[in-house]
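> Sequence:
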Amino acid sequence: MGVLPKMLSLRALGLLVLTNLVVLPIWAQERSVQPLVAAVLDVPPFSFRDENGAFSGFIVDLAVMIGDEIGIPIEFLEVSDAQEFIQAQASGRTQIIAGVVVLPDLAPTNMFSDTIVTEQLLPAVLFDEGAPLTSAGIIDQRLAIAPPALGSNAPILDDNIAVEFDTPHSALMSLLLGSVDGVLLPTAVVQQIARKAGIDHRINFVGPPLDEVTRHVALHESRQDLIGPINAALANIESDGRLESLRQRYGLVVPRPPPDTLRIGITHLPPLIIIPEEAEPTGFNVDVTRALADRAGINIEFVPLSLADWVQGPSANELDAVAGLVVTEERLDRMDFSYPIMERNVALVLYADSEPDTVNMNGLVGRRVGVIEGSIFDIILSRYDEITPVRYATYDDLFIAQSMRDIDAAIGAPHSAEETIERLDVEDSLRIHILDDLKIETSIALRPGLGALRERLNAVTVGYLVTEEYKAIRLSYFGEQVFWTQGRVDLLIRVTVALLILLLAALFRQRQSQRRRELNRQVEHNFTLQQLVNDLEISNREQAEFTYAISHDLKAPTNTMGLLIDELEEDLKASAEDEDLINDMRATNRRMSVLITDVLDYSQIVDGEFSTETLDLNEIVDEIIADLAAQIKQSNATVRRSDLPTIDGNASQIRILFQNLISNGIKFHQPGQAPLVEIVSRGSSLMVTDNGIGIPEEKQDLIFGLFKRLHLTTEYEGTGLGLTICRRIMANHFGAIQCRSRLGDGTTFELHFDGIPKP
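Count along the sequence shown starting at 1, add 26, and that's the number in the numbering used here.
Certain hints may be false.
Computed spacing ranges between beta-carbons, pair by pair [what the hints assert, rightly or not]:
#, residue 1, residue 2, range
1, 205, 344, 34 to 42 Å
2, 179, 234, 13 to 21 Å
3, 264, 400, 21 to 29 Å
4, 709, 355, 45 to 53 Å
5, 638, 266, 54 to 62 Å
6, 334, 165, 44 to 52 Å
7, 103, 392, 36 to 44 Å
Below, in silico cross-link-like pairs of lysine-lysine (DSSO-like), each with a Cα-Cα straight-line distance of 30 Å or less [as the list claims (entries may be wrong)]:
#, residue 1, residue 2
8, 693, 465
9, 659, 693
10, 497, 465
11, 465, 659
12, 222, 465
Calculated directly from the structure, the hints in this document are not laboratory data.
Glycine included, C-beta positions come from ideal geometry on N, C-alpha and C.
Hey, can you work out the whole structure from these sequences and the hints?
This is the structure we're talking about:
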């Protein structure tokens, strides 16, 4: 054998040895890492599908955390019910449950980790019935259980009547409907379902606890070699706070009962919160929170915090509430929020020599944008993957850096941006804009377990936000503001309930009948027209007061209705016929909600406070077009305007007027034809014209009447109040609205403002 062949043989031998030493061990290692399979089913807060259809919940998130810590992937297997959930783990079909009680069916074939959460069993009853009770006083009552969940074999059942349900949802529903007197389920399960449905203020847990159990990671014996690494992973997750955060997020910590005095966290953040050295705290958030608590009869105490602690919310600081946090999806998982107390703009700061075509977040894609670290604006920027945030400790640092062109733009609070730029004397180089696609809502944040106090605050919030006191507070800290923004209108919608519409409809019929009788009597006695108008105003005012008086107390039934529909859908097993039934129920519920909104709009317009200001109709119409973008895109519509005048009017009402007319022009379009809506100015009138289906001449006077609908098919849904509202708005502005239309040839609404348009 020659030298060259020998060299080749040696090289081949070396390559073979290297393969055995490196490649094969890597291959073997990859082959040995088998995923852990975990079962999931719909039992909030432990496991469920989120809004995007992905698996979520305490045992899901914890399993993923453990898998990341020990370097083993987690796979999920969806099962049909609790029995299959337990059987799959007992048999080894699944190998891990990250948070389960040591059940007899699991013990023979599973190992259990160190304790991850301690859980109490407290009977849940309706709040008004539960206040005087203790668990020891519950005798001869109907108690709902959902085997094999905790509580199914509680000794208290020996003295009561057990009513078995398939799911925790149906057990809680039976309590709300009065079919049972109490529920025996893990406190966390009841709390999570009730919070999600918005009925936690109606549920009361009575003590002392009937039982206390611990939850662990269950590991099937086929993977018992992992119990040590899993315990080590749990120790790491506990030490860095992730496990406690997970418990808080999914409500596994039993909430403390409502205190005698609500402890509210604040931090120095002018003008929202001002903490002087030797004086009472003040600021917009503090003054409004103090006023609402006083109206709701709640004792409060303000507790100073650092900014970093304040933004974490009440639970993280062992407090009951935080004054004026911005509502975000992440925070909704950990805390409750009252109705918004303010809607705030977001400032976009650009170089003075740059004039953007549009002022929105899309214009910042690909740019370096400065922001205050840890602020709500930092959270907002984190949602945009294509925007690079550059974080600063203070506004001074931020705008000094921008003036030196270290960043492309900045976002923050308008008041703080304006004050800092003026103080730094960089007004010539930086210019403040207001983002037109982003606003933030500020609310009082409360820890879980304070649903009843939250509802007491909500009950007084709507009325307080229209008072002169609130307007004066806002004016003193922020200057002149437009109150009736879309956010305030949305707030009015959220405080209504489905049952309210039934009562309001009856009230309207009663009022109309009463008015006809009064008009006949007054005509007989030659009463003047002014007397009739005044009397009608009194009637409308009484109706408006009635609307607001009952809206809060009747809110719970609509939540119950929604929960009932969800439960019915689950029980019906989704056959084609049953799906049609569920869809019809949801559609009916949706139409009722729309009608509630229109009734509230009408009552507010009839007897709400009426203040005027100078309005640029171009800005109002452009905002409406932006708000209706989804409807416009879906119907392939075109909405355009000419140069419109400036008028003196009420901003909220003028906005509702044009939104109704534009939305109608899009909705009532010709089949197969793209809608076209045009708003033009002609002399002292404004024309809103569409190319829709038109209105028969003989019916054009009917369309402005209460609850008058010409199209009763589901293709053109509506309440019959939109044009009634439009006519009332025009009357409030000493004007008139007329309709000109031909069937099949579009419609024009002519608005006469009686001299209000300004040159």
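> Decide, hint by hint, whether the structure agrees.
Evaluated hints:
At roughly 38 Å, the beta-carbon separation of residue 205 and residue 344 lies within the given 34 to 42 Å, and the hint holds. At about 19 Å, the beta-carbon gap between residue 179 and residue 234 stays in the expected band of 13 to 21 Å. Between residue 264 and residue 400 the CB atoms are about 24 Å apart, so this pair conforms to the stated range of 21 to 29 Å. A hinted range of 45 to 53 Å holds for the C-beta pair residue 709 and residue 355, which are about 49 Å apart.
Between residue 638 and residue 266 the C-beta distance comes to about 57 Å, which sits within the given range of 54 to 62 Å. Residue 334 and residue 165 have their C-beta atoms about 50 Å apart, which keeps the hinted 44 to 52 Å range intact. Roughly 42 Å separates the CB atoms of residue 103 and residue 392, a value that falls within the hinted 36 to 44 Å. Of the pairs offered as hints, the one joining residue 693 and residue 465 holds, with about 27 Å between alpha carbons and a cut-off of 30 Å not exceeded.
This hinted pair checks out: residue 659 and residue 693 have alpha carbons roughly 12 Å apart, not beyond 30 Å. Annotation: proposed proximity of residue 497 to residue 465 holds, straight-line Cα distance about 19 Å (limit 30 Å). Restraint check for residue 465 and residue 659: the C-alpha separation of about 22 Å stays at or below 30 Å, so the hint holds. About 24 Å separates the Cα atoms of residue 222 and residue 465, which keeps this hinted pair within 30 Å; it holds.
The structure is consistent with each of the numbered hints, conforming to all of them.
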